[in-house]
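*Asks:* Listed below, chain by chain, are the residues.
2 protein chains.
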Amino acid sequence: MIIDGKKIADTIKQEIRAKVDSLVSSGQRPPHLAAILVGHDGGSETYVAHKIRACEQCGFISTLLRFESDVEESELLSAIHKLNNDDGVDGFIVQLPLPRHINEQKVIEAIDYRKDVDGFHPINVGRMSIGLPCFRSATPAGIMMLLERYEIETNGKRCVVLGRSNIVGKPVATLLMQKGYPGNATVTVCHSATKDLKDICREADIIIAALGSPKFVTADMVKDGAVVIDVGTTRVKDETRKSGFKLTGDVDYDNVAPKCSYITPVPGGVGPMTIVSLMNNTLLAATHAIY
Amino acid sequence: MIIDGKKIADTIKQEIRAKVDSLVSSGQRPPHLAAILVGHDGGSETYVAHKIRACEQCGFISTLLRFESDVEESELLSAIHKLNNDDGVDGFIVQLPLPRHINEQKVIEAIDYRKDVDGFHPINVGRMSIGLPCFRSATPAGIMMLLERYEIETNGKRCVVLGRSNIVGKPVATLLMQKGYPGNATVTVCHSATKDLKDICREADIIIAALGSPKFVTADMVKDGAVVIDVGTTRVKDETRKSGFKLTGDVDYDNVAPKCSYITPVPGGVGPMTIVSLMNNTLLAATHAIY
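Protein chains in written order, with the numbering used here: chain A, 66 to 356; chain B, 66 to 356.
Same shape as in the complex, but just chain A:
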C-alpha cells in the first residue's frame, strides 16, 4: 500500500484549520509563524514557499524575513532576539542551511525554545529524548503521524533507521523506541560505519531511510511485507524536466514497492508531513499547549 503523505497532510491541515477557526471565533488572533530566510538557495526558497502556503491553508499568519547571504551573524541574532520578544509571533524558524560564515548552532540556540517550532534547540531535543512534552522536530514527528494515521503496528517490531543525522535519524530512533504508540519498537541505527548493512535491513519490519543517498535501499535489502519510509529528497539532474531535476528518495522505489506492506513515495510521502508537523508545532505554540 502506498502511504499517501499528501492526503494525510491535507487532512491534518484541515483539522488544524478547524481549530484555528474556532480560536479565531472565540476572539483570539490566529497562530503566527515567522520564517527567516538567508540568501537565495533554490531548495530553501522552495521549502519556505511551501511553509508559507501551508500557513495560508491552516489559517495562520505568516511573516517572511529575508536577509542577503552576506548578512552578519550579529544582525541575524538581533532579528531572532526581536522575534523571541514579539508577543505577536508564536513560533519561528530559521531556514537551514545558513552561509558558512554564520554559526548555525549559535543561531539555533539563540531561538527561545518556547518558540522553537522546528524543535532543533537543545532543550527540545533533550526533552524529546527524556520523553517530556516538547516541540518534536518536524520530520520525525511527521513520520510518527504517518505511522499513526495508517495504524501501522510498531510495538515490538524490528525497526532499522538508516542515517544518524540530528534532524532525522537520531530523533526518529528516539521516538520509535519510546514507550507508547507509535513506539515500543526495537530500533537499530545504521550509518556509514555499519557492517552487514544489507543483512540488518533484511531483518527489519520497518525501515526508515534517511541517508540522502538516492536509491540506496534496494529490493534485496527489504523483507517481504516490510514497511518502508523514505526520507530522502536528493535533487537528481533530470533534463527532461522544466526544473532540471527530479526529487529522488533513498529507496529504489520501483523495485522495492512490490515487496512492501506500506511504502512512502518521493515526493508525496514524508515531505508534506514535515511541513504539517511545523504547522502542528505552531498551533501548539499559539495555544501554549507545551510551554
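Be careful, since some hints might not be right.
With a straight-line Cα cutoff of 27 angstroms, these simulated DSS-like cross-link-like pairs (lysine-lysine) come out [to be verified]:
#	chain 1	residue 1	chain 2	residue 2
1	A	LYS280	A	LYS72
2	B	LYS260	B	LYS280
3	B	LYS263	B	LYS72
4	A	LYS244	B	LYS324
5	B	LYS260	A	LYS244
6	B	LYS288	A	LYS311
7	A	LYS260	B	LYS324
8	B	LYS84	A	LYS260
9	B	LYS171	A	LYS244
10	A	LYS288	B	LYS260
11	A	LYS311	A	LYS324
12	A	LYS311	A	LYS72
13	A	LYS260	A	LYS71
14	A	LYS263	B	LYS244
15	A	LYS263	B	LYS260
16	A	LYS263	B	LYS288
17	B	LYS72	A	LYS324
18	A	LYS244	B	LYS280
19	B	LYS171	A	LYS260
20	A	LYS260	B	LYS72
21	A	LYS288	B	LYS263
22	B	LYS288	B	LYS307
23	A	LYS171	B	LYS244
24	B	LYS244	A	LYS280
25	A	LYS263	B	LYS263
26	A	LYS288	A	LYS260
27	A	LYS288	B	LYS288
28	B	LYS324	B	LYS260
The hints are simulated quantities; they were obtained by calculation from the structure and are not laboratory data.
Starting from the known structure of chain A, arrange chain B on it as the hints suggest.
*Replies:* Just chain B, lined up with the frame of chain A:
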C-alpha cells in the same frame, strides 16, 4: 579479560588529583561539588558517601546538604537556587530518587545546566544527542571511559543496549552511535517490548546490560568473544552478609564470563566509573571547560 573498573577509576582519580594540585598551586581554589540528599534511603546514603569520599581522593571540596524526607518542594528548589548562584560551588547533584511528593523533573530542571554535573538537565541531554560539548551523564560517560581505557574497538561493531532508561540506556546508545571513538557502533536498543531478544543479543559484539534485572543475560545470549558491560546493581537478599544483601548485576557472570573477550564484574566494574565521571564533570565545571 575482566575489566577492572576499580583500578581504572583509581587511575583516573589520580589523574584528576594531579590536575587539581596544579590548579591549586597556581593559586585557584579546588573544585567544589555539592550534593543534596533527601531522606535516609540506604542506597542513596551509600552512593552519596562514596561520592564524598571520591571528592576527598580527587582533592575537591565537597558539601553535603541534607533534608528530611518530608521536605517541601519549594524548600528544595530554594536550596538549588542558592547553589546555582553560589560562585563557590562549581557543580552539584540532587541524589535521586526523591520522595513521591516532589516533582523530580522540576527539581532537575531547576539546576543551572552549567552546574548540572550529573548531566540530567534537558539542555545537557539535548547537547549530548546533538554531539555538542556538555556534561554527559555519569554512567554512560563512565562506560565510554572503560571502553577507551581498555582500547576496545567499537567502530562498526554491533552493539546491543538492554534497557531504555533516561540515565543509562538511551544516553549510552546515543554515545555509542556518534562519530568518533569510542562510538561509530551499530546500536540496537532492546527493552520490555522487544521480541527475539536472545537472537538479537547473540549477534552483538558488545552488550550493555542496563535493565536492573538480576542475572538476566545468560550464557546462551552471548556470542563467543563478545564484550559485556554490566550496569545492573540490584540489591539481592543475602543473609550470609553483614549488610544483608549482595549487589547483583544483570549478567549471569559465572556462566557468561568464560565466553567474553571482556566483561565487567558487579561490583567493581561500571559502578566506580560512574562516580569518577561525576568527578570528571566537576573538574570540567571548575575549569569552565564546557560552559
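*Asks:* Take the hints in turn and mark each one as holding or not.
*Replies:* Hints and how they fare:
The suggested pairing of A:LYS280 with A:LYS72 holds, with an alpha-carbon distance near 24 angstroms, which does not exceed 27 angstroms. A distance of roughly 19 angstroms separates the Cα atoms of B:LYS260 and B:LYS280; the hinted pair therefore holds under the 27 angstroms criterion. Taking the CA atoms of B:LYS263 and B:LYS72, the gap is near 32 angstroms; set against the 27 angstroms cutoff, the hint is violated. Restraint check for A:LYS244 and B:LYS324: the C-alpha separation of about 33 angstroms exceeds 27 angstroms, so the hint is violated.
Distance hint between B:LYS260 and A:LYS244 is fulfilled; the C-alpha atoms sit about 15 angstroms from each other, no more than 27 angstroms. Between B:LYS288 and A:LYS311, the direct Cα distance comes to roughly 46 angstroms. Violation of the 27 angstroms bound is thereby established for this hinted pair. In summary, the hint linking A:LYS260 to B:LYS324 is supported, as the alpha carbons are separated by about 23 angstroms, within the 27 angstroms threshold. At most 27 angstroms may separate the alpha-carbon atoms for a hinted pair to count; B:LYS84 and A:LYS260 exceed this at roughly 40 angstroms.
Straight-line distance between C-alpha atoms of B:LYS171 and A:LYS244 comes to about 21 angstroms, which keeps the hinted pair within the 27 angstroms bound. Taking the CA atoms of A:LYS288 and B:LYS260, the gap is near 17 angstroms; set against the 27 angstroms cutoff, the hint holds. Proximity of A:LYS311 to A:LYS324 is assessed by CA-CA distance (about 24 angstroms); at most 27 angstroms being required, the pair is judged to hold. In summary, the hint linking A:LYS311 to A:LYS72 is supported, as the alpha carbons are separated by about 21 angstroms, within the 27 angstroms threshold.
The hinted pair formed by A:LYS260 and A:LYS71 fails the criterion: a straight-line CA distance of about 35 angstroms is larger than 27 angstroms. Distance hint between A:LYS263 and B:LYS244 is fulfilled; the C-alpha atoms sit about 21 angstroms from each other, no more than 27 angstroms. For the given pair, A:LYS263 sits about 21 angstroms from B:LYS260 by alpha-carbon distance, which is consistent with the 27 angstroms threshold. Restraint check for A:LYS263 and B:LYS288: the C-alpha separation of about 21 angstroms stays at or below 27 angstroms, so the hint holds.
At most 27 angstroms may separate the alpha-carbon atoms for a hinted pair to count; B:LYS72 and A:LYS324 exceed this at roughly 53 angstroms. Restraint check for A:LYS244 and B:LYS280: satisfied, since their Cα atoms lie roughly 24 angstroms apart, inside the 27 angstroms limit. With a C-alpha separation of about 42 angstroms, the suggested pairing of B:LYS171 with A:LYS260 is violated against the 27 angstroms cut-off. Restraint check for A:LYS260 and B:LYS72: not satisfied, since their Cα atoms lie roughly 33 angstroms apart, outside the 27 angstroms limit.
The hinted pair formed by A:LYS288 and B:LYS263 meets the criterion: a straight-line CA distance of about 21 angstroms does not exceed 27 angstroms. Using a Cα cut-off of 27 angstroms, the hinted pair B:LYS288 and B:LYS307 is violated, with the two alpha carbons roughly 37 angstroms apart. Distance check on the hinted pair: A:LYS171 and B:LYS244 sit about 21 angstroms apart at the alpha-carbon level, within 27 angstroms; holds. Restraint check for B:LYS244 and A:LYS280: the C-alpha separation of about 24 angstroms stays at or below 27 angstroms, so the hint holds.
This hinted pair checks out: A:LYS263 and B:LYS263 have alpha carbons roughly 21 angstroms apart, not beyond 27 angstroms. At roughly 18 angstroms between alpha-carbon atoms, A:LYS288 and A:LYS260 fall within 27 angstroms of each other, so this suggested pair holds. For the hint pairing A:LYS288 with B:LYS288, the CA-to-CA distance comes to about 25 angstroms; that is within 27 angstroms, so the pair holds. About 24 angstroms separates the Cα atoms of B:LYS324 and B:LYS260, which keeps this hinted pair within 27 angstroms; it holds.
Hints 3, 4, 6, 8, 13, 17, 19, 20 and 22 from the list above are not met by this structure, while the remaining hints are.
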